[in-house]
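Q: Hey, can you work out the whole structure from these sequences and the hints?
Start counting at 1 in the sequence shown, then tack on 62, and there's your number in the working numbering.
Hints were generated in silico from the structure; no laboratory data involved. We put the CB at the ideal spot given by N, CA and C, even for glycine. Be careful, since some hints might not be right.
[Stated by the list, open to error] If you anchor each label on the Cβ, the simulated ranges turn out as follows: (1) K115 x E145: 16 to 26 Å; (2) G148 x Q228: 15 to 25 Å; (3) D131 x G227: 22 to 32 Å.
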Amino acid sequence: MEKSSQYSKDIQSHTIRVRVPGTSANCGPGFDCIGLACTIYNDLQLTLLREPKLIIETTGEGASNIPLDDRNIVWRSISMLLERAGAADEFKGAIIRMENHIPLSRGLGSSAAAIVAGIKAANAILGNPLNRNELLRLATDIEGHPDNVAPALFGGVTVSVVNKGQVQTFSFVPKMKLKLIVAVPDFPLSTRMARQVLPKDVPMKDAIFNIGRASMLIGALIKGKERFLQNAFDDVLHQPYRAELIPGMADVFQAAKDAGALGVAMSGAGPCLIAFTLERSHLENEVAASMAQAFLNHDVKTKSLILALDIRGAVVLNGEQ
Numbered sequence: 063m064e065k066s067s068q069y070s071k072d073i074q075s076h077t078i079r080v081r082v083p084g085t086s087a088n089c090g091p092g093f094d095c096i097g098l099a100c101t102i103y104n105d106l107q108l109t110l111l112r113e114p115k116l117i118i119e120t121t122g123e124g125a126s127n128i129p130l131d132d133r134n135i136v137w138r139s140i141s142m143l144l145e146r147a148g149a150a151d152e153f154k155g156a157i158i159r160m161e162n163h164i165p166l167s168r169g170l171g172s173s174a175a176a177i178v179a180g181i182k183a184a185n186a187i188l189g190n191p192l193n194r195n196e197l198l199r200l201a202t203d204i205e206g207h208p209d210n211v212a213p214a215l216f217g218g219v220t221v222s223v224v225n226k227g228q229v230q231t232f233s234f235v236p237k238m239k240l241k242l243i244v245a246v247p248d249f250p251l252s253t254r255m256a257r258q259v260l261p262k263d264v265p266m267k268d269a270i271f272n273i274g275r276a277s278m279l280i281g282a283l284i285k286g287k288e289r290f291l292q293n294a295f296d297d298v299l300h301q302p303y304r305a306e307l308i309p310g311m312a313d314v315f316q317a318a319k320d321a322g323a324l325g326v327a328m329s330g331a332g333p334c335l336i337a338f339t340l341e342r343s344h345l346e347n348e349v350a351a352s353m354a355q356a357f358l359n360h361d362v363k364t365k366s367l368i369l370a371l372d373i374r375g376a377v378v379l380n381g382e383q
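A: Structural data, given as structure tokens:
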């Protein structure tokens, strides 16, 4: 009863605002285990209500396609946080205001950002009863996999594994400053569709190929050995199969490399493609233009995002609004 009274006092005194970064999963060979956070963000303002009343307002990317009722993924995530924190009976509604900059269904972690925003904000309002690892487990339960929610929570580059239902994530900041050049096609691609084209079994040589590249990628980033990145983003486990869903993908990859990119990969399940350059090389504009033209050669219009690595993850912006 004392906890409920404290929750009520907190709700009356301030509204929580959080900011969550977009993310790119897989990074080429790290299928379903490697991810990174990037400098594009969704903002959420949340007030929890004791009465069963739900008000959802959305602006920005995909606003017209986001449910404004109890199907909304932010509200569903908040509800699960309240259940896990033992506060669901106290708070039955919410006022949710979202400002979205992360494109929907493009492979930049829009659903992960929504999940993390909801649980981060609700947890903050309740006085942070769940620590970050507990938030990660909850977010993974909701999303189904940790490769996007982990970098959204922790920032940086993350490597995640699930062992007997328990999620472990290692987060780090590379010893080199990267620019992330994202080509965003003008069509969406659902993760479900992208997974349907994947084989159930893969050849041993393909598994070995990816293990080597994923290991090289993480080692090179941690040690700052840029010369080892030239082939570290290559993949044979998922990208070749998904290429049929993204017109011109192979040509876009080659165009990015020809323009000087260290490597290029599908961002998450696509259709965004992401190229990597060193910040000091100042090649991002050339790489972006080359990727856009290669897509256009296949009648695909795109917009370009030039981003950096976000190292903070989800943050509370302020306690009052």
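Q: Run every hint past the structure and note whether it holds.
A: Going through the hints against the structure:
1. At about 18 Å, the beta-carbon gap between K115 and E145 stays in the expected band of 16 to 26 Å.
2. For G148 paired with Q228, a C-beta distance near 21 Å keeps the hint of 15 to 25 Å intact.
3. Between D131 and G227 the Cβ separation comes to about 31 Å, which falls inside the hinted range of 22 to 32 Å.
Of the numbered hints listed earlier, not one is contradicted by the structure.
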